[in-house]
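Undergrad: Model the placement of chain B on the given structure of chain A, informed by the hints.
Protein chains in written order, with the numbering used here: chain A, 1 to 115; chain B, 116 to 226.
Any given hint could turn out to be false.
[To be verified] Result set (PhoX-like, lysine-lysine): computed pairs, CA atoms no more than 25 Å apart in a straight line:
no.	chain 1	residue 1	chain 2	residue 2
1	B	LYS118	A	LYS38
2	A	LYS40	A	LYS9
3	A	LYS19	A	LYS9
4	A	LYS18	A	LYS53
5	A	LYS22	A	LYS40
6	A	LYS22	B	LYS118
7	A	LYS40	B	LYS118
8	A	LYS40	A	LYS53
9	B	LYS118	B	LYS184
These are calculated hints, taken from the structure and not from any lab test.
Keep in mind the model is a prediction, meaning the values are calculated, not measured.
Chain by chain, the residues:
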Amino acid sequence: DTEVTQTPKHLVMGMTNKKSLKCEQHMGHRAMYWYKQKAKKPPELMFVYSYEKLSINESVPSRFSPECPNSSLLNLHLHALQPEDSALYLCASSQDGLAGLGEQYFGPGTRLTVT
Amino acid sequence: DAKTTQPNSMESNEEEPVHLPCNHSTISGTDYIHWYRQLPSQGPEYVIHGLTSNVNNRMASLAIAEDRKSSTLILHRATLRDAAVYYCILRDVYTGNQFYFGTGTSLTVIP
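Only chain B is shown next, with the shape it has when bound in the complex:
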């Protein structure tokens, strides 16, 4: 399975934008890039996903490099409720149910 690499931890000031990077140099053509986050004492929750083009939704934006070997999750204005572990995951369109989490980035939001 293609692997992802993320920084272990990041800090952001409240109400500032946050850019969470993910490297996936062995990504294949059928891999979609998914992001999930896990708030303290909760199960993971879906954030966003994309294939090649940048994507926006109410929670975040996903910027995907042209060669698809890296991506960045963008939280436009961090709030204290965004403090969580953020996981970047590659999901093959044909075996998408085999869902493997990477080590994730623990985001601390400073008031």
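Chain A on its own, in the form it takes in the complex:
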């Protein structure tokens, strides 16, 4: 099983809502990632978890709150988002914990619209 799953596929939320994005992998990978992708732009790294600990935060606003409850699961909690946060949110995983060059496996993404 080389699949990264993301739920929901689509999400529409108001600026005062709280919602969560979920990502799951069962490949035994020790690193998991969140990326944000605006239309016609490349993905931008947001967070990296290594061995269930946050190792990289690319200066992401606090209205985005990541969580890694276990080695297979990654959440992104959303609160008080702005319309400019509307984007495709991609999750990925790789075997390597801290560094290395292992292939990253990406999920299909969650299309988020903030109204």
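TA: Coordinates of chain B only, in the frame set by chain A:
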């Protein structure tokens, strides 16, 4: 972080070879060259990677210049399913989890 430069777009005829260039003049000795592609409405997927020597796999070939300041991804026979955005990415062996995409090349395959 070392940067990559790619053409914004390229076209290829179906069943013809495609050469996708990437410049990375500030590459360091510990940077590996990775290629990913993103098909429409999908997440990116790994294509190939290399350090100094040319590499082949079932999807593509990677040709790396002797000075490592440029590389070329080669699709031997383009199909309509190869229409995607192709990203050339440098990954340092020590900080490989810091994964930064360049602007990529949008490949159109003409039937």
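Undergrad: Failing hints, ascending?
TA: Hints 6 and 8 not satisfied by this model.
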